[in-house]
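Enquirer: Residue numbers (the numbering used here), protein chains in the order written: chain P, 4 to 349; chain W, 15 to 675.
I should point out that these hints are in silico values taken from the structure, not numbers from a laboratory.
There's no promise every hint is true.
Some but not every residue of chain W turned toward chain P, in silico, with C-beta under 8 Å [stated by the list, open to error]:
id: 1; residue: 359
id: 2; residue: 379
id: 3; residue: 503
id: 4; residue: 507
id: 5; residue: 511
Chain P stretches covered by chain W per the calculated footprint, using a threshold of three residues with CB under 8 Å from any CB of chain W [what the hints assert, rightly or not]:
id: 6; region: 50-59
id: 7; region: 94-101
id: 8; region: 144-156
id: 9; region: 273-282
id: 10; region: 290-296
Beta carbons are placed, not taken as given, at the ideal position from N, Cα and C, and that holds for glycine.
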Amino acid sequence: MSTERGRIRVTGFDTDRVTERDDLSDWSEATTGGTESRWRRALRRFRHNRVAMLGVYVVAAMALLSFFARPVTIAGITVQPFSIAPYDPSTILYLEPGSTVGRYDPPTLAHPMGTDASGRDLFSRVLVGGRLSISIGFVVVGITATFGLAYGAVAGYYGGWVDEILMRFVDVIFAFPGLVLALVIVALLGGGYWPLVIAFSVPGWAGYARLIRGEILSVKENEYVLAAQALGARDRSVIFRHIVPNAMAPLIVQASLSIGTVVIGVAALGFLGLGFEPGTPEWGTMLDQTRETLIQGPGGSIPWWATVFPGGAIFLFVMAMNMIGDGVNDALDAQEVGNVGQGGGG
Amino acid sequence: MTDNKPQGLSSVLSRRNLMQAVAGLGVASMAGCSGLNGGGDGGGGAVDPVQDRVTVDPENIQEGGTFKTAIGANPDTFDFPESSSATASILHNLLFEGMVTTSASGELYPWLAESYEQVDVQDVSAGDYTDYMTTVSYAETDDGAVYIDTEKQIVVESPDNPDSPSAGDEAQVLTVDEAGDAVADGTYGMHFQFQLHEGIQFHNDEELTAPNVVASYGRIENSTLSGQVFDSLLHISADGDYTVDLYVQEPDAAAIRELGGLPVYPSEITDNVPLGNMDPRQGNTPLGTGMFELAEFQNEEYALFAKNDNYWFDTEMKDWFDGPSEFPNGPVVDEVDIAIISSDSQRAGALQSGEIDMTFGLTASTLTNYRESEDYRTAPTNGAGYTFLQFPVEVEPWTNAKLRRAANKLIPRQSISENIFQGWEKPAWVPLPPLAAGTGSTDYEAMVEDLKSYNTYEPEAAAELADEAAGEIDVEFPIEVTLETNSDNDDRVRTVELIAESMSQEINGTQYFDVSVNTKEFLTFVSQLLSQDYWDQGKLAFIGLSGGFNPHGYAKSVHSPENFAQCCNFQNIDFPELNEAMRQARYGVEVAQDPQLRRERYEEVWELILELNGNSYGTHSTLVGVVNNDVKGFNTYPSTQDIVGYAMYNPTDQQITYLDR
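Could you put the whole structure together from the sequences, leaning on the hints where they help?
Expert: So this is what it looks like as structure tokens:
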């Protein structure tokens, strides 16, 4: 019997075996520079996605070409002096004295994409056309995603009758076909850049609201949210500092895929003659202006360049945006993120 | 009329406004529709507007077959006085005929009438009818429009009636009930007498008599057509079975053209069928004396016409016919099948697939393709259509005529014609198109030579005019202005874009105009143009219009204060000097009796129009029918409204079409 009464001794546990055994994993404090954030990890994964990066390069190239196509002047001050496009997109070339340019001239070195029905240089118009087509996609998605995020976050966080009222309104928006609603709005407001932005924003935000609400319903049950609330954080702080950042991933995926959809929608309205004024260098409107050429009289040849190049620009941009969207989806996919090995796991 | 159907306006205008608008359009539509006539106005010196007319050797004519074609819209009604559709007139002109008819060049010939004569001309004006007038009150519609409250057709309004009446005020008017009294007392402007052929039968075998003519003209009272008939017609009466006396309100050189060719119906229609109901959709078959009868009609799909086997016409009945005795006495095709296909490209496709034999209204590039094809023939004719740019003459700085002329000098008409219309439309060097040259000019080519310099594209001259204008008015260059047109006509939009580009160019380092383009859907645009609010908005308006053989319409429609807020004086143009010149050219005993004097006065009108430049005329239309090689002898009438009827048979030009399948 032990003489050291009142003391418990655990036997059969050899600490030396634990401290001196081989490491179970490669992890050590020296091998890690700290926890990698999910955004940084997503970016790294995105960068390794070649298809997505090709999309980025294409979109970036098209955006830059559009921006530098013609000088940009704001309030009489030239803020962008470069001019890649050889002609002003609205210049009717056959009006120039001595001009040999005609309507629907085929592509030549002087006019790499030919000319349109009014004898304007298609290459210049396609380049400048990106300014409207591309920017409107980003602007609409920026507006709709921001508003939808706030709307869905409020609905999801507060729940109850607030959620009920807000989401029924979302249901009302969903009851209208988006493109038809946009068409009605453009018909009421008239064409132009901002009417089109409104036309696509009005139905566009609802999808984001519903998405973010669903995410928030699950995120808000997490302990860190309860902790923040217990510590007395305001609702606004809880929503936008603790909940929303953790519910953003699906919204970003949705937004990146929607840009292409909006561009297609704007082009569709333009093709129906409802977007911009007929002579505007916008890809869909340019297609609309050449619609009549698709049906020719006997022996007539279709000026393919008038439809192929603006249509190709729409295709290229939307395809690139979809590639980016898929890449973002892969990079932020929550399901896949959950499967990544966690440091220290046993 | 405007290129699009005026009946479309009904959706945006009150009925009263619509009637006014249609009345304004009427100078044109009337002239195009059936043969309008011509008394002393026969169009002397008229030139055949048909380009490269094809003729037919009667020995080669083959009888039978179905001529198939298509029109762009469902007919609004077969009841002529209630129709305001140019497209429907294509069908009307197969069924109905009038006392006189017209050739493609606008010359007038007696038709149902064996002969007609101008009996008398008197120096009478509206004020001379005061003794016969009755007093009625003004009333107000729910939407605030004030109108004269009588169910009787008003013929003449007193010049002393208030300019801006209110409900309850009194008006002096001569209605159809009192017009006969004035005529009986010898108060009228002109008197025409028509001798009808005996033995003419309607489709229902009833014989045509003078009372039928009187009843048919009576059917126009308070109809859609009434505005453009009762601005000239005073009274019509029968003298026995075959003599018709027609009286005109005041000496009017265009009266016989406007009034002589209105359709005549049998008593089965005039006695029994209410106005608006002479339509198969109302259970009534339209009846007339025409060379075809309506055999079948499927709403929105097609109308099938069968040759009138009992047709009355015989070339030997007409002194004026100088063709071979073998020339047929009526159309030789058995049937005319007219499909309703709204899209011009679909109609072009139908022609290529052999579903139809003829189409029209195609785009310039498609027409060029057809012209170059050996399997089809294009049949171009100088048309009655024209485009015009109207200046806001009541808004500074456009009140200055030199500034307007400066802008006019920057319209590249030749380029518009060649590049946009591929030569199918012609530059409007003068307001009058070649179609109306015979009645509106003494020597059209010489007049064009004299006046062309007003409308040639000369930026340097434009700059000089603009600088001169700047010396007269307070203006800063560039003048910012919006140029508006309808969006549903691609070639028109391109024309406007070109004009905007041209006007906005820098000339010797100065940009005089800064023009932006705004397009609107047709009905929206027209409803705005016809409102009373457009004139002070300071916008340039560009649209198309159609005239006829009467030169007056080409001046009056777009300049007369009477046409303000109607078609087509949108900008409240009121040039007293021009108003008087227009009146002197059409009204008065002198011009009614002396066509040459009338032509001289119209030449003064055209020059004045160019000098004042309230409107810039753009191009004159060419109407082109396209036929396949089975169709022989087809020539295109200058107005779409008789494009089928004229082609089928019109002995005034020895025109006949047959099928060689």
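Enquirer: Taking the least C-beta to C-beta distance, is residue 507 (chain W) closer than 8 Å to chain P?
Expert: holds, 5 Å
Enquirer: So, residue 503 (chain W) near chain P? Judge it on the closest CB pair being under 8 Å.
Expert: Violated, about 10 Å.
Enquirer: For the hint on residue 511 (chain W), just tell me whether its beta-carbon gets within less than 8 Å of chain P.
Expert: Holds, because the Cβ-Cβ distance from residue 511 (chain W) to chain P comes to roughly 5 Å (cut-off 8 Å).
Enquirer: Quick check: the region 50-59 of chain P, covered by chain W? Criterion 3+ residues, Cβ under 8 Å.
Expert: It is violated: at least three residues are needed, and the region 50-59 of chain P offers just 0 whose Cβ sits closer than 8 Å to chain W.
Enquirer: Verify the interface restraint on residue 359 (chain W): the C-beta must sit less than 8 Å from at least one C-beta of chain P.
Expert: Holds: closest Cβ of chain P sits about 4 Å from residue 359 (chain W), inside 8 Å.
Enquirer: For the region 94-101 of chain P, do at least 3 residues have a Cβ located nearer than 8 Å to some Cβ of chain W?
Expert: n = 4 at 8 Å, threshold three: holds.
Enquirer: Please count how many residues of the region 290-296 of chain P have a CB within 8 Å of a CB from chain W and say whether that reaches 3.
Expert: Per the Cβ count (3), the hint holds.
Enquirer: Has the region 144-156 of chain P got at least three residues whose CB is nearer than 8 Å to a CB belonging to chain W?
Expert: Since three or more residues must qualify, the claim that chain W covers the region 144-156 of chain P is violated, with 0 doing so at under 8 Å.
Enquirer: How about residue 379 (chain W): closest beta carbon in chain P under 8 Å, or not?
Expert: Hint on residue 379 (chain W): holds, closest Cβ of chain P at ~7 Å, below 8 Å.
Enquirer: Counting residues of the region 273-282 of chain P that have a beta-carbon nearer than 8 Å to any beta-carbon of chain W, does the count reach 3?
Expert: Since three or more residues must qualify, the claim that chain W covers the region 273-282 of chain P holds, with 4 doing so at under 8 Å.
Violation of the numbered hints given earlier is confined to hints 3, 6 and 8; the remaining hints are satisfied by the structure.
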